[in-house]
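Engineer: The hints should help you fit chain B onto chain A, whose structure is shown.
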Amino acid sequence: MMVGGSSRSYGPSDARPWTFYALAFLFGAYLMFLYGPMFVIYVLSFQGPNGGVTFPMVGVSLDWFRDVFKKGMMANIPASFTRSMQLAALVSAMTVVFSVAAALAFRRRFPGSGVVFYFAVASLVMPSLLVGFGIGFGFQVLGWQTGLFTSALGAQLTWTLPFGLFAMFAVVNRFNRSYEEAANDLGASSWQRLRYVTLPILMPGIIGVAMGAFTLSYDEYARTTLAIGRENTLPLEIYALISSATSPVLFAIGTLTTSVSFLIIGITLIVVWRMQKRRALIKTA
Amino acid sequence: MSASASWRTKGRASWFAFGSRRRGVDGMGSPAMRIPSWLVSWLQVGPLASILIVLFALPTFLFLVVSFFDYDRVGLYPAFMFDNYRDLLTTPSTLRVYISSLKFAAIVWAITLFLGFNIAYFLIFHVRSATIRTVLFLLCAIPFWTSGIIRTIAWIPFLGRNGAFNTILQDMHITSQPLEFLLFSDFAVVVTYVHLFTLLMVGPIANSLSKIDPALMEAARDAGASRWRTMVDVVIPLSKTGIALGSILVFTQVMGDYFVVKQMSGGQSASIVSMLSTEIQAMQYPPASANAMVLVIFVAVMVAFMMKVVDVRKELVK
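For the protein sequence lines, the chains are A and B, in the order given. Heads up: the first sequence begins at 1 in the working numbering, then just goes up one per residue. Heads up: the second sequence begins at 1001 in the working numbering, then just goes up one per residue.
Honestly, the hints are just simulated from the structure, not real lab data. Keep in mind that a hint or two might mislead.
[As the list claims (entries may be wrong)] Here are the in silico distance ranges between beta carbons for each label pair:
hint : chain 1 : residue 1 : chain 2 : residue 2 : range
1    : B       : G1266     : A       : L199      : 47 to 55 Å
2    : A       : S61       : B       : P1078     : 57 to 65 Å
3    : A       : F25       : B       : I1107     : 17 to 25 Å
[Claimed, not checked] Covered by chain B, according to a simulated footprint, are these stretches of chain A (three or more residues, beta-carbon under 8 Å):
hint : segment
4    : 136 to 147
5    : 273 to 281
From the three backbone atoms N, C-alpha and C, an ideal C-beta is built for every residue, glycine too.
The shape of chain A in the complex, shown without the other chains (with noise of 0.2 Å):
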C-alpha cells in the first residue's frame, strides 16, 4: 500500500499532544483484537496428538502439520496448493498487465470510459458467491466444463481486476507528469518512454498490485466455489475440511498458509528494497 504522509519536520521539543497518546492506545488496542484470536490457531497448530481444537494444549507436537501432508486423509492438501499457487500466480500477472493499462488510458478521458468505470465498481461490488454462480451458470448453459483455468480464473480476475484499476488509480494519480513530458522533449519514442520513464517509476505500484491479486487471489473462496470445476483450490479444500472435521489440523494449515503469506510479503519487500536502494544509487552517482 502506497500512503504518504506529512512530512513537516519536527524538532525533539514538539509536545504529543494527548489525542496521539488516546489513538495509539486504541491503534494498540486494535493490533491486539487483530493478532490475539491469530496466535491463538498458532498455538494450537502444535497441539499434542490427543488434543483438542481448544485449550488446554495436551502436549506439544507437530502431528498436525503431518497430517496436512499426508494424502487422501481427508483431503489433499499439498495438491490443492499447488492449483492454488499456479491459479494466484497467473492472476496476479494478468491483472497486473490488464490493470496497469487501463490505469494509463484513464488517464484521460475517452468515450466509454464513464461505463467502464462503473463496470469496474459493479464488478468489485458485486456479491461474491453471485459471480460464481453466474459463471458456473453460464458455462452449464453453453455446455462447457468449468476449470481451475477457465471458470475459476475468470470468477477471480472479476474481483482482482477492478482491485488492481482502484489501486493503480491512486499510484497515477501521484505521478508528476513532467517527466513523461522532459522524456518527449529528450526525444523518446512512445515505447522508450513507457519502458525507461513510465514504468519505472510506477514500479513500487505496480508490485503492490501485483501481490496483492496475488494474495486475493490465493486466499479467494466466495467467488471461486461455484465456478470450480471437479479440483479444488486450497481455501475450497479448506472449506470442504471445516464441515468434516474439527481437529488442530484446521489450525496447522492456517499456521501455514500464514507463513506462505509471510514468505511472500518478505520477498517482495526484499525485491522493493532493493529496487530503491538501486534506485537512490543512481540518484547519487
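Structural biologist: The following block gives chain B in isolation, referenced to the frame of chain A:
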C-alpha cells in the same frame, strides 16, 4: 487534475502519438503514425473491459433472463412470468433475512468506520517516521493475507466456552463463570466481520488523508479553530472519498457474505446469500436468479446512493 488541466490533455493528439513530435515532420505527417487518441485508450482498456463484459455483465444478464423462467424438477422452461419475484417478495423470511443482514451491515459499518478513521488518522498524522508508518501499516495488513476462512474459525477457540478469552477473564477474576454469548451469536458474527473488514476502511481513508496538506490543519488551528472544529470542517470533508469507498467495500462485503454468518451465528441467523446458495444447491435456478437480481439491485441502489453523496469517480480518476 482540474478542469483546466484536462483541457490541456484534450489538446494533445494522443498519449502515444505525442512522442513522435520531436522526430521531425515525416513522423508527424504520416497518417499511419497517428493513431487516434480514443483508439489508444481503448487498446489500453480493452482487455479489462472485455473480461468484465464477458465474465460479469453477461452472467448478470443471464440472471435477469432466467429469473423470469418457469422450472420444475426436470428443467427450465423459457417464459416471461413474475412468479419467482412474487414468491420471493411475499415470503416473510425474505424480509427477515434482509433486515438481519442490514442490521449487521449497519453495526459493522459504524464500528469499522470509527476504527478505520481513527487508525488511518493516527498513522498518517501522528506517526512521524515514514519507516515506522510503513511497518505499522504492514502490521495491520498482514492478517489480511491469511485466508478469510482461517481468520473466521480462529475466533472459535478464542471466544468459545473454554476459549482463551473466557479463560483470561476467569483467571483475572473478572467473571466467575464462562460467558456463553461470546460464541455462536450475533456478537460473534459482528466481531468476526470487524476483524475481517476493518482494513477495507483503513486503506481508502488513509489514502485520502495522506493527500491533505498538513498546512491546512495548521491554518485552521491558527485561525482559532478547536481540534474538534478542525476535524469536522477540514479533515472529514477532505477525506470523504476514502470514507465513501471504505463504506462501499464494507457494506457490500457484509451483504454478500454467507460463510461468517453460517459459521459464527450457530444457525441463529441467516444471510441473503446463504438463502440463495440453498436454492442453487437444490438446482432451483429461476428463484435463485430472481433472488440474485433483487440483491444485486438492492446493493446497486445503496452503492449508487453512496456514490451520489461523494463523486468517487471525480476524486479517483484525476
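Engineer: Mind taking a look at whether chain B covers the segment 136 to 147 of chain A? Criterion is 3 or more residues with CB to CB distance under 8 Å.
Structural biologist: holds (count 3)
Engineer: CB of G1266/B to CB of L199/A, is that within 47 to 55 Å?
Structural biologist: Given range 47 to 55 Å: holds, Cβ gap about 51 Å.
Engineer: Under 8 Å between beta-carbons, do enough residues of the segment 273 to 281 of chain A, three at least, approach chain B for the coverage claim to hold?
Structural biologist: Since three or more residues must qualify, the claim that chain B covers the segment 273 to 281 of chain A is violated, with 0 doing so at under 8 Å.
Engineer: Holds or violated: 57 to 65 Å for the Cβ distance of S61/A and P1078/B?
Structural biologist: holds (59 Å)
Engineer: Do the beta carbons of F25/A and I1107/B sit within 17 to 25 Å of each other?
Structural biologist: At 23 Å between Cβs, range holds.
The structure fails to meet hint 5 from the earlier list, while all remaining hints are met.
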